[in-house]
Amino acid sequence: MKNGPDTIYGELFNDVQLQAIFPDSKTFTDCTPKSDAKNILVSYDAAKKNPDFDLLAFVMEHFEMPATPTGNFTADNTRPVEEHIELLWDVLKREKDKDIPGSSLLPLPYPYIVPGGRFNEIYYWDSFFTMQGLKVSGRVDMIESMVKNFAWLIDTVGFIPNGNRTYFLGRSQPPFFAQMVDLLAELKGKDIYKEYLPALEKEYAFWMDRKKEGPAAQRRTFLTDSGALVNRYWDDQPVPRQESYKEDVEDAQKYKGDKEDFYRNIRAACESGWDFSARWLSDPMKLHTIQTTKLIPVDLNCLLYGLEVTLQHAYNHLGMKEKGTGMYNKSKERAAAIFAYCWNEKEGFYFDYHIEKKETTPIKSLAGIFPLYFKLATAKQAERCATYLKEHFLKAGGLVTTPIHSGQQWDAPNGWAPLQYMAYKGLKNY
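Mapping to this note's numbering: the sequence shown position 29 is 31, numbers consecutive.
Bear in mind the hints are in silico, worked out from the structure with no lab data behind them. Remember, predicted model here, so these are calculated numbers, not experimental data. A few of these clues could be false.
Here are the simulated EDC-like pairs of lysine to aspartate or glutamate, each with C-alpha atoms no more than 20 Å apart in a straight line [unchecked claim]:
| no. | residue 1 | residue 2 |
| --- | --- | --- |
| 1 | K190 | D143 |
| 2 | K377 | E188 |
| 3 | K258 | D285 |
| 4 | K150 | D184 |
| 5 | K50 | D17 |
| 6 | K261 | D8 |
| 7 | K348 | D277 |
| 8 | K332 | D184 |
| 9 | K100 | D78 |
| 10 | K192 | E203 |
Derived CB-CB ranges, DEER-like [unchecked claim]:
| no. | residue 1 | residue 2 | range |
| --- | --- | --- | --- |
| 11 | R81 | L396 | 46 to 54 Å |
| 12 | D260 | D211 | 21 to 29 Å |
| 13 | D78 | E197 | 35 to 43 Å |
| 14 | A48 | E262 | 50 to 58 Å |
| 15 | G321 | K359 | 21 to 29 Å |
| 16 | A59 | G399 | 38 to 46 Å |
| 17 | M210 | K256 | 30 to 38 Å |
| 18 | M210 | R81 | 43 to 51 Å |
| 19 | K377 | L58 | 20 to 28 Å |
| 20 | P217 | L58 | 45 to 53 Å |
| 21 | D56 | R81 | 41 to 49 Å |
| 22 | K323 | K256 | 25 to 33 Å |
Glycine included, every Cβ here is placed at the ideal spot set by N, Cα and C.
Given the sequences, and given the hints that come with them, work out the whole structure.
Structure representation (structure tokens):
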């Protein structure tokens, strides 16, 4: 597997990021070298000794800047939104990638859609919602192409990273792969499950990986006192994020405790897709109080319940009844755990669960609607959740992510499209 920019460029990477020669720390991590990395480092070692050395000029001389995903596209505000989206598909489409030495891009073998803006790579959980639009547009070929890319990543990397960049190889994102395969099966028939079963099994193995002996909390898993195995967000690399290097180093200075814990918690929050939110903070107003790995997220466990159900359906469709029964039992155990640990009877809503405090967290968040999407809530619980959404989340423009005004982007007053979708679909189930 390719090395990341921090490993390839060493001191040069450190200097570029800490001196903040670009307004966005992601810029340098997405640059592509104009020549061999070793030659660039030799040139850097010599050039930096010059008293008139200009680091920005050096980088501009030796690297290509990231491409702008939308190119010269200009939106026509007079067009209906449906036409605007149809035009954007081709603007945001990327053909299969070329492998460029020294680039952070993990080259994908099939075409895909990128989010746009500063994001010129595929993102895991974003893509499920992109596929909903592609479905309406009748672009089943692109949906299948993207699912194939994710299956390729599972086979090549061992899991689906946050995005197809080397600097994302420590973490994944909310596990929507099973939902993508279900969507493809809906569009092309259930025989699709045969093709993607190996990837689904590897995805599940990644999230459930732990040793038989050892502490209750291991990587992305947590064994509860009752014997239920549930999951949390994690990252295998307890170091500053390469794409937010300076910001992480500075924020870590305020953290009371092991810096590795801070970096892992920051990265785990990125794995959640909610980067960042009061949901992960012991003090909603202070990012350096982040505690992501101490929490059992309700949305993550609902998604893994969904993966277990998809595996069960795939096994049964392929005549693998014993495996289907085994996965059915696991899904029922997880459903019971979600109710036992994440349902707050007093509030009438679902919350994350704090491992150490052994209680639900006080932070209200739209993650609490995931049990409705997966039909895990009873009719009475769903009714109480609907009332709770109206009382605490519903605003003129939709549902706020949390009611807390923390300054973080996954908090009030912001609402995010994926969560509006999950809430709408969840409520429609009842």
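Hints, one by one, checked against the model:
1. Between K190 and D143, the direct Cα distance comes to roughly 10 Å. Compliance with the 20 Å bound is thereby established for this hinted pair.
2. Taking the CA atoms of K377 and E188, the gap is near 18 Å; set against the 20 Å cutoff, the hint holds.
3. Among the hinted pairs, K258 with D285 is consistent with the structure: their alpha-carbon atoms are about 13 Å apart, no more than 20 Å.
4. Restraint check for K150 and D184: satisfied, since their Cα atoms lie roughly 13 Å apart, inside the 20 Å limit.
5. In summary, the hint linking K50 to D17 is supported, as the alpha carbons are separated by about 11 Å, within the 20 Å threshold.
6. For the proposed pair K261 and D8, the alpha carbon gap of about 18 Å is at most 20 Å, so the pair holds.
7. Only pairs whose Cα atoms come within 20 Å are accepted, and K348 paired with D277 is rejected, the gap being roughly 28 Å.
8. Between K332 and D184 the CA atoms are separated by roughly 19 Å; this keeps the pair inside 20 Å, and the hint holds.
9. With a CA separation close to 32 Å, the supplied pair K100 and D78 exceeds the 20 Å bound.
10. Taken as a hint, the K192 and E203 pair is honoured in the structure, with Cα atoms around 17 Å apart against an allowance of 20 Å.
11. Our hint of 46 to 54 Å for R81 and L396 is violated, since their Cβ atoms are close to 30 Å apart.
12. Distance hint check for D260 and D211: the Cβ-Cβ separation is about 23 Å, which falls inside the suggested range of 21 to 29 Å.
13. In this structure, D78 and E197 meet the distance hint of 35 to 43 Å, their C-beta atoms being roughly 40 Å apart.
14. With their beta carbons about 35 Å apart, A48 and E262 fall outside the hinted range of 50 to 58 Å.
15. G321 and K359 have their C-beta atoms about 46 Å apart, which leaves the hinted 21 to 29 Å range violated.
16. As the Cβ distance of A59 to G399 is approximately 45 Å, the hint placing it in 38 to 46 Å holds.
17. Hint check: M210 to K256, Cβ distance near 34 Å, so the stated range 30 to 38 Å holds.
18. Distance hint check: the CB atoms of M210 and R81 are about 46 Å apart, consistent with the given range 43 to 51 Å.
19. At about 54 Å, the beta-carbon gap between K377 and L58 misses the expected band of 20 to 28 Å.
20. Checked against the hint of 45 to 53 Å, the pair P217 and L58 passes, with Cβ atoms roughly 47 Å apart.
21. Restraint check, D56 to R81: a C-beta distance of roughly 44 Å satisfies the suggested window 41 to 49 Å.
22. As the Cβ distance of K323 to K256 is approximately 55 Å, the hint placing it in 25 to 33 Å is violated.
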